[in-house]
Structure formats: C-alpha cells, structure tokens
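Following the hints, position chain X against chain U.
So you can see what is in the structure, the chains are spelled out below.
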Amino acid sequence: MRFGKIVAAAVTAVLFFAANSASAAGIAGSKHDFSASAWSGTQICNVCHTPHNANQAAGQLWNHALTAATFTLYASSTLNAAPGQPTGVSKLCLSCHDGTVALDSFGGATGTNFIANNSAKLGTDLSNDHPISFAYTAALATADGSLVTPASAALVVAGIPLYGTNVECGSCHDVHSPTNGAFLRVSNAGSALCLKCHTK
Amino acid sequence: MRRCISFPHFKAVAVAGVLALIVLPVSLTVAPADAAVATTKHNLSVSGTGTVKATSENQICVFCHAPHNNYPSGQLWNRRVGTSYTPYTSSTRKSVAGQPNGASLLCLSCHDGTIALGEVRNRTTNISMTGGVTTLPAGNTNLGTNLSDDHPVSFVYDASLVAVRGELAAPTALAPPSKVRLDGSSQMQCTSCHNPHDNTNTKFLAIANTSSALCNVCHLKNYWSVSDHKNSTKTWNGAGTTPWPHTTGTTVAANACENCHRPHTAGGGPRLLNYAAEETNCMNCHNGNVAAKNIQTELNKTYGHKVATRTGVHDPAEAASVATAHVECQDCHNPHAVNATAGSVPGGSVAPTLPGSQVGVRGISISGTEVNPATTEYEICFRCHADGAANTPSPSFARVIAQNNKRLEFQTTNPSHHAVAGAGRSATVPSLLTGWTTASRVKCTDCHNNNTGRYSSGTPSAPTGTGPNGPHGSTYPNLLERQYVTTDNTAESAANYALCYKCHNRTSIIGTGTNSFKEHNKHIVGERAPCSVCHDPHGISSTQGTTLSNSRLLNFRTDVVTKSGTQAIRWERVGTTGGKCYMTCHGENHNGYSY
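First to last, the sequence lines map onto chains U and X.
The number in the numbering used here is simply the position in the first sequence, starting from 1, with 546 added.
The number in the numbering used here is simply the position in the second sequence, starting from 1, with 761 added.
Just so you know, these hints were derived from the structure itself, not from any lab.
Here the structure is a predicted model, which is why all the values come from computation and not from measurement.
Please note: incorrect hints may appear among the correct ones.
[Stated by the list, open to error] Computed beta-carbon distance windows for the label pairs:
(1) X:N883 to U:H598: 33 to 43 Å
(2) U:G691 to X:R854: 30 to 40 Å
(3) U:W585 to X:A858: 52 to 62 Å
(4) X:R854 to U:Q631: 37 to 47 Å
(5) X:S845 to U:N659: 41 to 51 Å
(6) X:T810 to U:T670: 34 to 44 Å
(7) X:S921 to U:A735: 45 to 55 Å
(8) U:N659 to X:A858: 48 to 58 Å
(9) U:G630 to X:R884: 25 to 35 Å
(10) X:T847 to U:A666: 36 to 46 Å
(11) X:T891 to U:S583: 40 to 50 Å
(12) U:T588 to X:G859: 58 to 68 Å
(13) X:T891 to U:G727: 18 to 28 Å
[Said to hold, decoys possible] Chain X is faced by these chain U residues, among others (derived, beta-carbon under 7 Å):
(14) D675
(15) A735
(16) G736
We put the CB at the ideal spot given by N, CA and C, even for glycine.
In isolation and in its complexed conformation, chain U is listed as follows (with noise of 0.2 Å):
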C-alpha cells in the first residue's frame, strides 16, 4: 500500500516536472500571454490565476469570472462515453473560449474585451468539439473498442493525463506551452497525440 502510493506518486511528480520544464520557456510570448493588452495590466499569470483570495472552488488559483453558460454536448450514434456539462479545467478554458465571458473579466472586474471570432472560439455548442468531462476508463475502453486502456486514474498513457479519470481539454492542451502548436501537449506529427488514445 506504501509502495503504491510512492508509485503513484513517482508518476504524477514526472508528469510534473515534465509539465515545469516544458512550459517554463513557453507562455511568455505565447498567444495565451496578454501582457502586451493594456487591459492586463502587463502581467502574464493574473488574467487566470492569482496568489491570493482565488476562486477556492475553481482551484488552480483561479482568478478569472467563470462562464454560466448551459452548453451543447457534443454525441454522436458510436459514442460510448457519457459527458457531461464541462467541469474542473474545462470550464476555465471555457471561461474565455465559449465566447460568454470577456478575456479582461478578471480579478472582479467585468471586461469588454471577447475572445475574437477564429477557430480558437468554441461557443456554448460544443458538438462540433471533441467531448471533455467524461470519464475515461477500462470500462470505456472495452465498450468502444477502439480506445486505448488507461494506464491508471490519472493517465491514459505517459503525457496525457487524466482528471480524475475524466478526459478534460486539458488532456491535450498545456495552455502554458505553446511549443506543440495550438498549445497540444504532445505533437500531433502523424496523429500522434490523436493516436495516443484512438487505437484506430
């Protein structure tokens, strides 16, 4: 049970350092680095977190106004896994990417500045999207067939984490690395990060 757990850990701490070293280079001058906007006051990190007096329910420090938006789920006829209303991280992406909520809503003001209208803004029908905020487990895997078993609760393989055991936008993107492309975590050269789970 130690051992487990020490394991378990062992895991998450190389994802984590993985994830550090990464991005620690990366989000200065990526797209996801608005201090250059006079509305950010210059800063990088205060748009979505702070150090202090964050949104404790939203986790990650959270500083940014969270979307209320009711959204349209993405289904499809061979769609085996059951997702729900977007939760955890996706829903701060959202809180900028459905389009509801202002870019310079954060910190407790109410911004004027939306997410502008290119293939980075989702809207509130996410039909058209991949599915998040569904639980990706042995059990899913199996009924698909065509998925990919994950490796454990918080993996489905090396890179591509879980939450929880749900699949979340940031199952595929590292906002704070833009070094990918579209902010992916992996390459998709050859479809790779598609590959890591779609045993197609």
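Then chain X, alone, in the frame of chain U:
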C-alpha cells in the same frame, strides 16, 4: 495546469522522482496505441503506404477528423459532404430509398469522387497530394454520385423491414458483439460492412467475407444451406474469362454470394450482379470451366431457350405467370437453391420428383394458380407456356382444334393428353416400351431437352447420354431431345421419329399383328405421313375436344388433311381399338373409312 496540483510532502516527491526512473518505462508500455489505420490506404498522410497520399502533410486523422469546429454530425468530421446522389432502387427493394446520411455521407465525401481528398475544413488551403491528385482517382473505390449500382445504404433496418422483405436477419443481430452493425438510428450505413480504420480483412471489411460470411450476417436466403453455390468446392480450370472478377476466393464455396453478386459498381444494376447480361453471370462457370456440365454449348445450339437474346426484361418481382416474353436462367432456376441432386428416373409409376436444379422455383399449377415453390416440373414450364401473355412459340401447325395453352392441353379431364399432370386416359397403350406403363407420368423434359442430355440415348434405366439435362438447347426444332420429323412425305425410320420411339415400340407401331392401330404401317411407312399429321402430342382440351373424336391424341393437321366433301374433318372412335375417319389426305377421300 498539472503544475498547480499541490503535493503534500516534497520529500515524498523527491523519493518518488527517483523511483520514477524505474516506473516510467512501465507506464510508457502499458497501452501503446495500435495505429492500424496508419498501415492502410486510408492513411493519406505523407507516411501512407498507398499510391494516393499527401506530399508533406504528416497528420493521418486530419483527412477525416478534427477535434474542434468540425462538421456537426458526430465523428468530429472534418470534410464538406455531397448533396445529391442517385440512390439504389429495385423492384424488390422494400426499404425506403433516400439520400445518404450519417456515416455514409462522410465516406462519400471522398468516395463519390467529387470532393478533393485534401479539402479539409480546418485548413484554409487544400492539403497537397502527390502526383497532382485532387479527387479520388477513377477505379472501383470511386463510386461516383450514382449509387444505383451499389448496395443501398442509409435506410432503416428494423423488424418491419425484415417482416416485409423476408430472408433478412433480425436487427438484433446487427448490434454488438457483432462487428456488422446498424448505426444509432437503426440504419444500415457504409460502416455496417466497412471499418474505415482497419483493413485486416481487406477492403476495410468489418469481418472477412470468405464464403460470404459478411453478406450472410443480414441476408438469410431461403434454400441457401443446400445450394451448391454455397457448398461446391469446384475450382476454375483457368480457361476463358475468370468466373470471379472481383474476389480472391478459389472455389465456388469460398466466393458464395460473390460468384454472381458484387456490392459496388455492379454491372447488373439493381440485382447487384457482376454483369448486366443476366446469363453472363452464370455462364462463366457453366461453360465447362467450373461446373461439371457445359450449359453454354447447349444454349449455342440452333433451338433452345435463348437467354442471351434479352437483357433486363426478366424481373424477380414479375408475376409467376410471365407477362412479357423472355427467358433467363433465373426463370427456371433459383441460384440460391440449386444443387446437383438428381431428379426421378423417367417412366415408372410414381409422380416425378424435381431435380436439385429446380429447387425453390415458382410455378403455375395445373389449375392455374401460383405455387411457390413448384413441386413438379410442368408447373415451372407453365410460367411461360400456359396462360401468360408471354406464351410462345406459336403452334407448329394449324390443326382442327387450335390450342396453345399447355396447361389446358394437359388437363387430366381432357379426352386425351400425354401423361404430364396425371396418368393418361387410355387403359391400354400396347406400344409402350419397358419402363413405361399407363400409370407412368411424363415430364416435359422427357421430350423437350438437350439433345445430348442424360436420357437422350440408352434406356431410362441405363441412360448413356453425357450432356447436361434440361431444356437448354437442341439441334432439333422445338427443343426436342431427339429427332421428330414433321415434314409430310417423310420416309419412316427409327431415326426420323426417334422421339416417339423413345417410349413407343417402333415394332409395335409399324409392325403387323400388333395391338396398335393396324393401319399405322400403311400411313407412316406406306404413305410416308409423319406422326404429327394425325396426333397432337400434348393433348386436346376438354373444352374443345370430345372423347368420341379426340381420344388417342387425335387432332389432324389441316395443312395436310382436308375435308371430305363438306363434312368436318374428324376421326370417330369405335370401341376400344376401332375407328372411322372423315377427311381427305394424300388425295384419298376417307369418307367414313373404318377399321
């Protein structure tokens, strides 16, 4: 975001970090992605193994899928879709034909050949393909927008369809664990048969189609289990055209449905046959190159059922009593049922049984109603040679009583008839050869048959013919198995009337001191009159003839026989063996000649 996860004890993390060096390789190998699609032609990226691939694009999934902002119909589709297709239609189709939808529409966004392979929605310019390829190159996989020669898709497959169509598996069979599945709307789609990500079974089939295992998940054809087209291990001898133009199976059993059918770009349109000309689907095997007997040779003979003269007239939905003149193999044979089981030996005293070649064929009974399946041969013949508007050919001769409906000619209540639908009317037929009695039944094919058929020579109990059975073709007019000369003034010989002498003892007919009509010799040998001048071989309908004048198949040819004065041409029966004739023949006025 994971860096924000708090850790309770840094020390533990440090220890774990060391352990991670051991654990990490394990976690990497827990569940490697099985990139099967990468090895298939559906990998259109630069790493693809097919001839159609991108010049530099290295993403595989992107040609069909995108994670965000894609076509909103599930499957995270990344392509524009077509809007107008010609759906499959057929006279026997019971499902509702409509435009493709669901996954089928997605497949067609490449396979209809109208949309560039590299045109994906999440790129502002088309992905460049090698060789300047834009849309799917011409070939079997380019279905075009005309889907009338392809298996139907995008139709609801439910219990009511099964009930109406028949010969289909219950929809419950098309759900997991079956790999052949309906979609979430209970519709049959491309993806019911194909798995676009896995080419293990070739042609991206959901399961291997060896022996038509895939077809048979849905299609449960009546009689199929006994059909030689399912079971035969015959192989192709390599001569002529390959009987299996689109499959790799090397036996009839391995090809099964695909001996004749193909699900896409079928030559035979609504029947999804390999070839548009119906008989061509049969003849690449039944020409001596696969099947034991060569039917093609028979069909090439001067007289026969000329299946090659019409194409597209036969319709499986047509009435059992055929309305439009034609003949195709399928009019007499059910290719889902045929087998090599022998039929009954001619003669004897029991009703004939059908050979395996006639199993599962519709017919018309002696009373004129549809029977399905026919249980005796003449019922199949009656489809065309009885009440149907297609009744051909015309009678060979004008006779006193004109009738060309074989069903009426063979009624058992007729004053006389060959014993096709029941035993004949005569209690004594002294000329019958061994093997035949007045209780015997006659089949149409006892007279109308290939002239090289099994019973075309020898005796019923010891036949010596080597060709195939059945009325396919003959060198003799009226598709007769043996010679039957009908020209007036023909010298009598065993050969000239070989057909009659097959069952009727020549010595008894023309000899002296026998019980047959004692003037036979004078007429046939002396006057050289053919049998057909006096006898109408099928029978004389009871609605037209009488026992007095039309027993013994008597119905004179009026091209040879004329009136005696003004009296009606007729024979009158006297007792069991006597009679009187009123007519003029060969210049002789038979004004009541009696015997």
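- Item | List of violated hint numbers, smallest to largest | Hint check: nothing fails, all pass.
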